[in-house]
Amino acid sequence: MNKLVEIKNLEISFQDFHGAFKAVRDVSFDIYEGEALALVGESGCGKSVTAKSLLGLIPEKDGSIAEKSEILYQGENILTYSKKRWKEYCGQECGMIFQDAMAALNPTVKIGDQIAENLRVHQKISRKAAKEQAIAALRMAGIPQPEIRAEQYPHEFSGGMRQRSMIAMAMICQPRLLIADEPTTALDVTIQAQIMELMKSLKEKNRMSLLLITHDLGVVAGIADRMAVMYAGQIVEIGNSRDIYYRTRHPYTYSLLKAVPSLNGSHGRRLEAIDGMPPEAGDILKGCPFAARCRYCMQICIEECPPKYEFEDGHFATCWLHDPDADISDCKFQTGGNLCNQE
Amino acid sequence: MFRMIGKRILQMIPVLFIVSVISFMIVYFAPGDPANMYIKPEMNIQQIEEIRESLGLNASLGEQYLGWLKNVLHGNLGNSLVNHQSVADQIMEKLPATLKLMGVSFVLSLVCAVPLGLISGYRQESRVDKGISLFSYIGISIPSFWFAMMMIVIFTLKLKLLPNSGMRTVGVDSFWDQVCHMIMPAIVLSVYNTAVFTRYIRSNVVRELKEEYVITAKAKGVGTFGILTKHILKNCLLPVITLAGMNLANLVTGSIIIESIFGWPGMGTLGMSAITSRDYTMVMGVTMLTCLMLLIGNFIADVLYSVVDPRIKREVQKKNG
Amino acid sequence: MDSRKDKFVRINYQPELQRTEYQQKSFLHSFVLEIKANKLAIAAVIFLMVIFVAVLLAPLSPYDPDKMDVVHKLQPPGNGHLFGTDNLGRDYFTRALYGGRVSLQVGFFSMLVTIIFGTVWGTISGFAGGIVDVIMMRIVDIMMSIPSFLLLIILNAFIAPGLFTMVFIISIFAWMGVARIVRAETMSLKERDFILASRCLGEKKRNIIWFHIIPNMIPTVIVAASISIANAILTESSLSFLGFGVQLPMSSWGNMLQGAQAHVLDRPYLAVFPGIFILLTVLSFHVLGDVLRKTFERG
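Taken in sequence, the protein lines are chains A, B and C.
Letter 287 of the first sequence, counting from 1, is numbered 286 in numbering that gives the first Met the number 0, and no numbers are missing.
Letter 299 of the second sequence, counting from 1, is numbered 298 in numbering that gives the first Met the number 0, and no numbers are missing.
Letter 78 of the third sequence, counting from 1, is numbered 77 in numbering that gives the first Met the number 0, and no numbers are missing.
Incorrect hints may appear among the rest.
[Said to hold, decoys possible] Simulated DEER-style distance windows between Cβ atoms:
hint: 1; chain 1: B; residue 1: T228; chain 2: C; residue 2: I130; range: 44 to 52 Å
hint: 2; chain 1: C; residue 1: F26; chain 2: A; residue 2: K331; range: 47 to 55 Å
hint: 3; chain 1: C; residue 1: Y12; chain 2: B; residue 2: K129; range: 26 to 34 Å
hint: 4; chain 1: C; residue 1: M186; chain 2: B; residue 2: S173; range: 34 to 42 Å
hint: 5; chain 1: C; residue 1: I41; chain 2: A; residue 2: N205; range: 51 to 59 Å
hint: 6; chain 1: B; residue 1: R2; chain 2: C; residue 2: R191; range: 29 to 37 Å
hint: 7; chain 1: A; residue 1: E69; chain 2: B; residue 2: T228; range: 51 to 59 Å
hint: 8; chain 1: C; residue 1: D265; chain 2: B; residue 2: K129; range: 32 to 40 Å
hint: 9; chain 1: B; residue 1: K129; chain 2: A; residue 2: E271; range: 51 to 59 Å
hint: 10; chain 1: C; residue 1: L264; chain 2: B; residue 2: V106; range: 31 to 39 Å
hint: 11; chain 1: B; residue 1: F16; chain 2: C; residue 2: K204; range: 31 to 39 Å
hint: 12; chain 1: B; residue 1: F16; chain 2: A; residue 2: Q144; range: 32 to 40 Å
hint: 13; chain 1: A; residue 1: D326; chain 2: C; residue 2: F210; range: 57 to 65 Å
For the record, the hints were derived by calculation from the structure and aren't laboratory data.
Model, not experiment: these values are computed from the prediction.
Don't be surprised by glycine CBs; every beta carbon is placed ideally from N, CA and C.
Just chain A, same shape as in the assembly (with noise of 0.2 Å):
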């Protein structure tokens, strides 16, 4: 597979009251063409940020992006975009879909003139045929009477149906890549299914590439192709899903799973909860950052960053536990791998 998106050692800080902060640090993934890749990680991991700068979302006044950061879109780094070149980019070939439907919709523009609106950005249309189109992309989306719909305001829909205009709205103009930013969160159980079903069915039909960003490892299990574990603006783990979840290699990724409830098999299991809390933004870190909530911490652990290693094809984590000399008493996962070059 060809890829799509090539991000190397991406950093973002951010600017505040009481001085700089890095929400992400040194962050490299690619997300291949057609493929649904899943960012996991607790909140405030920096999983949003490295979604919001693929489209250049990072705000200006307090938000920068390292000048060796680089985000390479079908070979062209998007940082040095044009402003016009920007704006065939955002929409056309990358679109968005928020957490929070309703705050993410214009309160006061009807439904159907928000999605054509992205059309009519991109492509010389008439009004009418851009409305008919938005009507279109209603009803691949899944919305019954589009044509009254489109003509209804954000707050006359209902949860689910807002998170599909979104959808319809993302995809009207057909982008290679989708970003999908807690897409579920706001959501009903019932319709969180419904509507992964949908952004799974429209992937597969447009043969474009899925950006998941989750903290719910369950939501993301029957769509996402690969996974990247983010912790504390750091890619602690990435491989195909299947690896994550069977041969899961990162303590972190470990305890996320053990978080997360089962309906078949381990009855009686207790849900385990990861101790303590993430560290904030602006603590200044040394070492491994899940080091203070790691049960597995050793002295190496809060001196050193770990490094890299690799295991099955295309599987890697940061953890020192697969040094040969690690203490790997009573670890209940597989350790050992090999350890990458690092540059």
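Fit chains B and C to the given chain A structure using the hints.
What follows is chains B and C alone, placed relative to chain A:
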């Protein structure tokens, strides 16, 4: 919708009534005797009493008020104590001039304030924003009469560009002439409202820019101009409608001063001369009419607001079943 | 190699993270910071201070503000008279200082009356709720629909014009705005948990208002106060300009302008100075109000 409008109109009646009572009392207790206008030195006390009687000035406060109210309910605002002409006729004669001035300056302030507010809100803390902010600070702080005076000094007396008084030059009846007469009073009258609206729109823009739908629009590839005009403008203008209705009071008050400075033949001039000559019926007429204008202004703002904002429209529909 | 092995020993790591200390800054401190960040605010504060001091020190001026000197009337600025002299030969600078006294006093006392009355009215209305609230707010609505300026003039005409009648008259038509803001604030405060808690503890209503609601309203009220001074000074000057304000020989900036009207062509500086004073004072109070609001919002 119609029920709401009906309700609002009904609510206006008691307000008008109480305002009339208060104004009447203030006018009644004010010193100075309107009869003085008619009293000549050679008159004796009996003659003076007759005049007072004929003007209805000897009745008690209650009687006078009820008499006035009865007339008003019959559509008769009474006759001026000074020139015995119908108050209503005189007001109607002056009203168009005032409305014209107010309308022009209101439109002027909106036309200026919308782009200024949008720009300064979007380019927050930039040099442009600071300039616009300074301008709007000056706008809300400048004493209008002084501003008018300075304008007259500069444009009429020094540069001799614009006429300083009246609505038109005697004997000249061209549109251009009227525009020239209008320029200064309209600018002076609109400067306060322009500043208030600009500040308000700016803070709205700053607030709306933080909303997530702006991010959605950016993610769609909508440019700055599109975001401002298609998304933010509507959300910002909605509250401005209410503010505009409330600020009608400033226009009415402002026009009293401005009209008397520029000799604009409108209600303000009429009211001022009525006060100095203690022409009570006229004062009452002008007061009630301005009060009515205020109420109607607020009312229109309310209705407009609920028509334009889809969220409120639905609530109103719900409430009325 | 052994030392390397040592490093891979399990430890029980419970770090005390070096968190950024969020110090509670005093109000004055953040206020000063906010002012420093804003050039306009620095200018406004300095201007207000200068005006205050100058107005207080007005008696130090070598001239008597009311002493006429017809020989030296209408002198241009300079030559011993900083702002020149007016049509009766009085030193214009000294008069402007004394005028400032009147204008600032009217502004300050009107603000005081407006704020106190508006706050009390708004708090009671908001706290009582129900029919009391409805009636009190209807009264506010009605007062707001009165075209005040005409009545201001009439009132002023029949109460002997003086400093305190001006204060009274201006406040009568100015308190409603404050009452509205305060009422809204009270309503939202009333539902906060700490008020509910003290209610549950059986605290008297009067004490709740006095110790909980009013202290929490201070930010709102301070901002409103600053705007209200500005507006009172403007209203006073308009009234005085039209000849309905403080009466001669007392001077305020407004009636200095009234006097300047006659000489606007040959002696424009007579109109310029008081006008600039009004403009800058009012502007400074507005700027100050905005800075205060920002400071309170930042917290």
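Cross-check of the supplied hints:
1. Look at T228 (chain B) against I130 (chain C): about 46 Å separates their beta carbons, and that is inside 44 to 52 Å.
2. As the Cβ distance of F26 (chain C) to K331 (chain A) is approximately 53 Å, the hint placing it in 47 to 55 Å holds.
3. In this structure, Y12 (chain C) and K129 (chain B) break the distance hint of 26 to 34 Å, their C-beta atoms being roughly 51 Å apart.
4. Taking 34 to 42 Å as the suggested C-beta distance range, the pair M186 (chain C) and S173 (chain B) does not conform, at roughly 56 Å.
5. For I41 (chain C) and N205 (chain A), the hinted distance range of 51 to 59 Å is satisfied, since their beta carbons lie about 58 Å from each other.
6. Distance hint check: the CB atoms of R2 (chain B) and R191 (chain C) are about 36 Å apart, consistent with the given range 29 to 37 Å.
7. The hinted window of 51 to 59 Å between E69 (chain A) and T228 (chain B) is violated, with their beta carbons roughly 34 Å apart.
8. Our hint of 32 to 40 Å for D265 (chain C) and K129 (chain B) holds, since their Cβ atoms are close to 37 Å apart.
9. With their beta carbons about 55 Å apart, K129 (chain B) and E271 (chain A) fall inside the hinted range of 51 to 59 Å.
10. The supplied range of 31 to 39 Å is met by L264 (chain C) and V106 (chain B), whose beta-carbon atoms lie about 33 Å from each other.
11. Look at F16 (chain B) against K204 (chain C): about 34 Å separates their beta carbons, and that is inside 31 to 39 Å.
12. Range check, F16 (chain B) to Q144 (chain A): about 50 Å between beta-carbon atoms, so the 32 to 40 Å window is missed.
13. As the Cβ distance of D326 (chain A) to F210 (chain C) is approximately 60 Å, the hint placing it in 57 to 65 Å holds.
Of the numbered hints given earlier, the model fails hints 3, 4, 7 and 12; all others are met.
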